[in-house]
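There are 2 protein chains.
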Amino acid sequence: MNPAEWFSEISDELWPGQCFSLKVKSVLHEERSKYQDIKIVQSESHGVVLILDGIIQCTERDEFAYQEQISFLPLCCHPNPQKVLIVGGGDGGVAREVAKHPSVTEVHQVEIDERVVELSKQYLPFMACGFDSPKLRLTIGDGFEYMKQHEGVFDVIITDSSDPIGPAESLFRESYFELAKRALRPNGVICSQGGSFWLDPAHVRSTLDYCRKHFPRVAYGLAAVPSYPTGQIGFFIASLNPETKFAEPCRTFDEKEIDRLGLRYYTTDVHRAAFTLPRFAAKALYE
Amino acid sequence: MNPAEWFSEISDELWPGQCFSLKVKSVLHEERSKYQDIKIVQSESHGVVLILDGIIQCTERDEFAYQEQISFLPLCCHPNPQKVLIVGGGDGGVAREVAKHPSVTEVHQVEIDERVVELSKQYLPFMACGFDSPKLRLTIGDGFEYMKQHEGVFDVIITDSSDPIGPAESLFRESYFELAKRALRPNGVICSQGGSFWLDPAHVRSTLDYCRKHFPRVAYGLAAVPSYPTGQIGFFIASLNPETKFAEPCRTFDEKEIDRLGLRYYTTDVHRAAFTLPRFAAKALYE
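Chains A and B, in that order, are what the protein sequence lines are.
For what it's worth, the UniProt record's numbering labels the leading residue of the first sequence as 1, then goes sequentially.
For what it's worth, the UniProt record's numbering labels the leading residue of the second sequence as 1, then goes sequentially.
Because the hints were derived from the structure by calculation, they are not lab data.
Even for Gly, the Cβ is constructed at its ideal location relative to N, Cα and C.
Hints are not guaranteed to be accurate.
As the list claims (entries may be wrong) - Simulated coverage check for chain B against chain A, where a stretch passes if three residues somewhere in it have a Cβ under 8 angstroms from a Cβ of chain A: (1) 35-46; (2) 87-101; (3) 147-161; (4) 207-217; (5) 278-284.
What the hints assert, rightly or not - Subject to a maximum C-alpha distance of 20 angstroms in a straight line, what follows is the list of computed SDA-like cross-link-like pairs (lysine to any residue): (6) A:K283 x B:K148; (7) A:K283 x B:D12; (8) A:K25 x B:Q149; (9) A:K256 x B:T276; (10) A:K148 x A:E178; (11) A:K283 x B:K121; (12) A:K245 x B:Q82; (13) A:K181 x A:E257; (14) A:K283 x B:T268; (15) B:K283 x A:F253; (16) B:K25 x A:L14; (17) B:K256 x A:E178; (18) B:K256 x A:F280; (19) A:K83 x A:H108; (20) A:K283 x B:R260; (21) B:K283 x A:K181; (22) A:K23 x B:E13; (23) A:K213 x A:E287; (24) B:K181 x B:P134; (25) A:K25 x B:E13; (26) B:K121 x B:D12; (27) B:K283 x A:E257; (28) A:K100 x B:F280; (29) B:K23 x A:K181; (30) B:K148 x B:N187; (31) B:K283 x A:T252; (32) A:K213 x A:S170; (33) A:K213 x A:E169; (34) B:K148 x B:R182; (35) A:K283 x A:Y210; (36) A:K83 x A:E169; (37) A:K83 x A:D132; (38) B:K181 x B:P79; (39) A:K23 x B:G54; (40) B:K256 x A:E169.
Can you build the whole structure from these sequences, using the hints too?
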């Protein structure tokens, strides 16, 4: 293995002792933005890959799994989601999915790093097409400030962030859940990237516990995403409606509708299964 | 990344362009047996790791996910599994799980490479403890020959093989399913390692199609195993009973029983969820 030809995702803090690598055909772009290192490569097996601060954010080959689950899990846990806020998600993938949901009328997105947006439009058009939706209003700015200025506005808030070390750290703290709660309408639902319980169940548990202080109903849902460490990622989902049953979606789609919406991962059955955790994880997170 | 300190799992045939690596503390053993290269390492993050022909077979950290699913999915799809055959599984992990099932009285295992058994007893006692069960009868030999000599004997046959290139290749062909069918009692169930549809859905589909020629009911179930390529692995499960509903187990366990059996991954809900595939995979495998 010639290291020059491979991108290796090493993090001694997040996943010590293990590493996923992708063979690189060519480096399409590299820069240091105001917030982070941005690298975009053409891989041999996974299409175009977006890498922030040395961590793979998405690959053309399997990004749909993540984008569909982080969007449709919370949207379908709400009986009538109309106004949606996306925090982060600068590649456009979550906007692409949220805009598909039939009841959604307005998608507000606030992304801190405009260079991620610009470069995604240039190199990841299959995701950045999300910015073309007439439902979308994009703001470049700080998600915390944006939520402070929008109290009681949104039905669903989706936080598509990087991992809890670096610019996204604050999104895994209690103050985030407090602010998100205030920005919601009654019976609102939130969903955030939640790491992997295979790596650090104690960290997942402590974030869930923050969330529990502000929301009567809280759960952890899953997506299989092969290019992420452990091949799985979870989402914190919380609802202000104490009657919410996360594993029984309010809105269901039959297979024809799933295909018409262009969904490749999410189905109503996938939704139901996403909240079933292996025994050790259920114990670590819920007991 | 100093390549000398890492074990990198490269396969241009099975997963070109991608690679998972584990940091190695020490190499515990290395040899060429009659059938394959055997390497056992102490990793920094995943405990002891068994590697055959350069492919990770199991790590101490997450092997339970694989062993429990490949064992309990088929066992719980049978109303009363008593006699079980394990083909392969030389590390002892599947035997360890199968012997836990309350109705199982006899576990017959046939492994081709006795060096894997011997080295697992020495270096992977947490799995090789499976060989200590009084229910177990271990034979060193060829699984095909063994099945030919045992017609109509087993309630469940579990094939815990390496990937479909190398010594296990024949286990992914039609002749395997034909032989397995003959070795079963009426209403018997089989389960085999089935690769990952994220890598090669066409190969998974063609093996499922072989299986369909001999069994009236066939499905593909999942386990999340972070140290395998794509972080997921699937299993071909087939039943001679046309009434079998794989996602609705005949035998259920409550949480107390799960804990008493020492299961860390499998639960009755995990069983039900294991057969739900992402839309693209369901299309590739079933439509």
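Handout entry: In rising order, the numbers of the hints this structure does not comply with
Key = 2, 3, 4, 6, 7, 8, 11, 12, 13, 17, 21, 24, 26, 29, 36 and 40
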